[in-house]
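Student: Read off the chains here:
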Amino acid sequence: MVIRNSCFLIVLIVLMGSFVGCYQRTVAPSLTFDQKNAETLDNEIKKMEWD
Amino acid sequence: MKRVFCCTLLFVFCVSMSSVALAQDGWGNLTGQIVISGEVPENQPEDVKDNPDKAVCLVDGKIPLDDGVVVNDKNQLRDVYVMMYTGRGADTPDTYHPSYDAQKEVKLTLDNVKCRFVPKASFARPGQTLILKNSDNVGHNCRIATMEHEHNVNIVKNAASEIVLGEESDKIPGEVKCDIHQWMDAIILIRDNPYVSISDKDGKFKIENIPAGDWKFQFWHKKGGYLKTIEVKGYEPDRRGTIETTIKSGETLDLGTLSLPGEALTK
Amino acid sequence: MFRLFFQLTIISSALLVTAGCERSESPVFRFNSVEWVKQEKTHLADGEHFSEEYKTEIGTIMTALFGTPDDPKFPFFLGDEDPAHDIITIDNLRMAAGPTRVDKREPASGLYREHCAHCHGITGNGAGDTAASLEPYPRDFRLGKFKFKSTPLRSPPTDHDLTEILVNGIPGSAMPSFRTLPPEQIQSLVEYVKYLTMRGQFERFLLGELAALDGEPLIDLSLVDKPDGEEPSDDDIEEFEDQMYTVIGEGLQERIIDRWLRTERKVTKIEPAPPEFDLKHDGHSQFVQQGRELFFAKGNCMQCHGDTGVGDGQLNNFDDWTNDWIKSAEVDPEDPATYSDFSAVGALPPRPVKPRNLTRHYYRGGDHPNDLYLRLRNGIEGTPMPASTAMTSDEIWAVVAYVRAMPYLDSNKNGAAKPVNEKQVMR
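Residue numbers (the working numbering), protein chains in the order written: chain A, 1 to 51; chain B, 1 to 267; chain C, 1 to 427.
To be clear, the hints were calculated from the coordinates, so they are not data collected in a lab.
Treat the hints with caution; some may be incorrect.
Calculated cross-link-like contacts (lysine-lysine; reagent style BS3-like; alpha-carbon spacing at most 27 Å) [as the list claims (entries may be wrong)]:
1. Lys266(C) - Lys171(B)
2. Lys73(C) - Lys47(A)
3. Lys354(C) - Lys49(B)
4. Lys120(B) - Lys41(C)
5. Lys47(A) - Lys55(C)
6. Lys228(B) - Lys41(C)
7. Lys327(C) - Lys49(B)
8. Lys226(C) - Lys46(A)
9. Lys120(B) - Lys327(C)
10. Lys298(C) - Lys133(B)
11. Lys46(A) - Lys55(C)
12. Lys327(C) - Lys223(B)
13. Lys133(B) - Lys269(C)
14. Lys73(C) - Lys46(A)
15. Lys54(B) - Lys104(B)
16. Lys269(C) - Lys171(B)
17. Lys266(C) - Lys104(B)
18. Lys114(B) - Lys327(C)
19. Lys114(B) - Lys133(B)
20. Lys104(B) - Lys216(B)
21. Lys327(C) - Lys62(B)
Since the structure is predicted, the reported quantities are computational estimates derived from the model, not experimental observations.
Sequences and hints are given; from them, build the entire structure.
Tutor: Next up, the structure:
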């Protein structure tokens, strides 16, 4: 009985913990980018003559 | 001998003055007049709330209206910036007319009168001195924030502070605000290219001594941003509110009456 | 039997919940969506939106120039000769970036994620996990504004300024001191702050260009990167280089990086304090008295800090980090419904900036008299606190002396602070 009750308690605590952990503000979406274009642009930047 | 010298000086002075009025060889002018077509957006009362300085800020005992859109009885529009376009891919002259040299030495005054900035719209050159004046009997602070410049100056009642602007040039006007009286606002353009005119109370603008050549000019208003819907006879303003003009030596290019649909000033 | 089943369900659902709980700070940079929404609200009609393609385009430009949180890059346009090597080194960025490394024998890395990201966010957007519960909010570096520095407004802080902030923390705010870190780690974090700031400033610049573009790309790669391997024409190349010069050359190098390069030269000179500033000087109390008069007259300080200096004057102002977006659309800071579009993309609820309670005698920007001199001489960037331009240096020193001599008031003790120096108020 004691074991079962403490089991319950632990489950409850884990549950609550995960809810608290999940309670987060909305965050801004991640930056999306095009890997291939980023590489092309990187090359173009290196090729350019900056003065 | 002294007198002769003085006379020559006076003569030289007069000649140089008159040359400002009449376009000289190699230089031309641009003029026009801006009028609102259709409905003029209405100005709302300023959001004075229960500011403790209310008493000083009232105009004729009443809460003043916002001066976002100022027109005269003929709907001619004040405070439009007409300026040589210096943005992306634009041609700009290498030298300016010598008459503009003195402009930088003049101290420009920005006053606070009854919790209002006077003038509402101004133009300054980098390095120029600004006198931030306060004619009110309450303290103000003057917060200038443009793309390139930022100042936040304490100005005590009935006093003035001077600041010297930095060397950077802006592309479009920026804001002047007071944190203590948050409804107060004005605009200022700070840039080196002096070919700028702000339309007066009759909507008139005039830019003098522009080098002869092809230049783009831009129309900008605080409420409307780039005035891309302004109608200029014979020109098609682009999405940045610019038109491409040809300034001819010794001539004044008169754009006539430019009409701006009232809706352009509502966003 | 049933009970076991029940318990199992609970456990598995608990596991599911935890698994589905995305950590907000995974190692990717966040897009500046608040600025995006702001640009839409200022430039487009209600309900109109910019094309989503711009988001990817901006992300691509940003990634090409600045890399990712695990693999930071910095655009040294002039190669090894580039003067920016003086202010940023890749080695230092690497030490601060990346995942936190615990192995003590290896050189450190991931310092930023270890020490700063939970407040300032991986992106330096001031929106880490804990941000919403802090007052003031952690700094969003992307505006390029800093409060406590030796340079005037619009000039970035020097390395020395940032180092002081990291070493001393910001008393009276959540920003802790990192005094225990070795100097090379502090330096690496300082450079990483500069990196995140310049990155954020440039992203804002790109977003600011959107409205003017009207559907055209910022940098049109298809001009030079033809699908069938075709050679670009001279016109194409010219157009492309023109775009590169305006967007990257002017927008990033001239407007942003060059300013950081120049900033050491902009440091405000601190005039030495007159002898009366010394507490033991005979004229000191006279000097404090002069400072008190200036506080009310020429300084206009009571307008915000209140007659007794407890910070109860002007209370309805917002700082620039908040004003930046609440001024753009018709946002009423008191009505969350008017800024739900901004909250949806992570904007923190607007909170007024409070003028400091000067009777508590903690100063966020440092309590050395020189620090206070700088605050008064230059104002505090991003806040309403103005520069005392009209005061001579001796007058500023007098006000500093007065501020330091204000009676200590513990406003936490019995409700509102009692204006003990009420009688001194002169109007």
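Student: Confirm or reject each hint.
Tutor: The hints, checked one at a time:
| no. | hint | verdict |
| --- | --- | --- |
| 1 | Lys266(C) - Lys171(B) | 23 Å, holds |
| 2 | Lys73(C) - Lys47(A) | 17 Å, holds |
| 3 | Lys354(C) - Lys49(B) | 19 Å, holds |
| 4 | Lys120(B) - Lys41(C) | 25 Å, holds |
| 5 | Lys47(A) - Lys55(C) | 25 Å, holds |
| 6 | Lys228(B) - Lys41(C) | 18 Å, holds |
| 7 | Lys327(C) - Lys49(B) | 17 Å, holds |
| 8 | Lys226(C) - Lys46(A) | 18 Å, holds |
| 9 | Lys120(B) - Lys327(C) | 19 Å, holds |
| 10 | Lys298(C) - Lys133(B) | 13 Å, holds |
| 11 | Lys46(A) - Lys55(C) | 23 Å, holds |
| 12 | Lys327(C) - Lys223(B) | 13 Å, holds |
| 13 | Lys133(B) - Lys269(C) | 25 Å, holds |
| 14 | Lys73(C) - Lys46(A) | 13 Å, holds |
| 15 | Lys54(B) - Lys104(B) | 37 Å, violated |
| 16 | Lys269(C) - Lys171(B) | 30 Å, violated |
| 17 | Lys266(C) - Lys104(B) | 22 Å, holds |
| 18 | Lys114(B) - Lys327(C) | 23 Å, holds |
| 19 | Lys114(B) - Lys133(B) | 12 Å, holds |
| 20 | Lys104(B) - Lys216(B) | 24 Å, holds |
| 21 | Lys327(C) - Lys62(B) | 25 Å, holds |
Against the hints set out earlier in the document, violations occur for numbers 15, 16.
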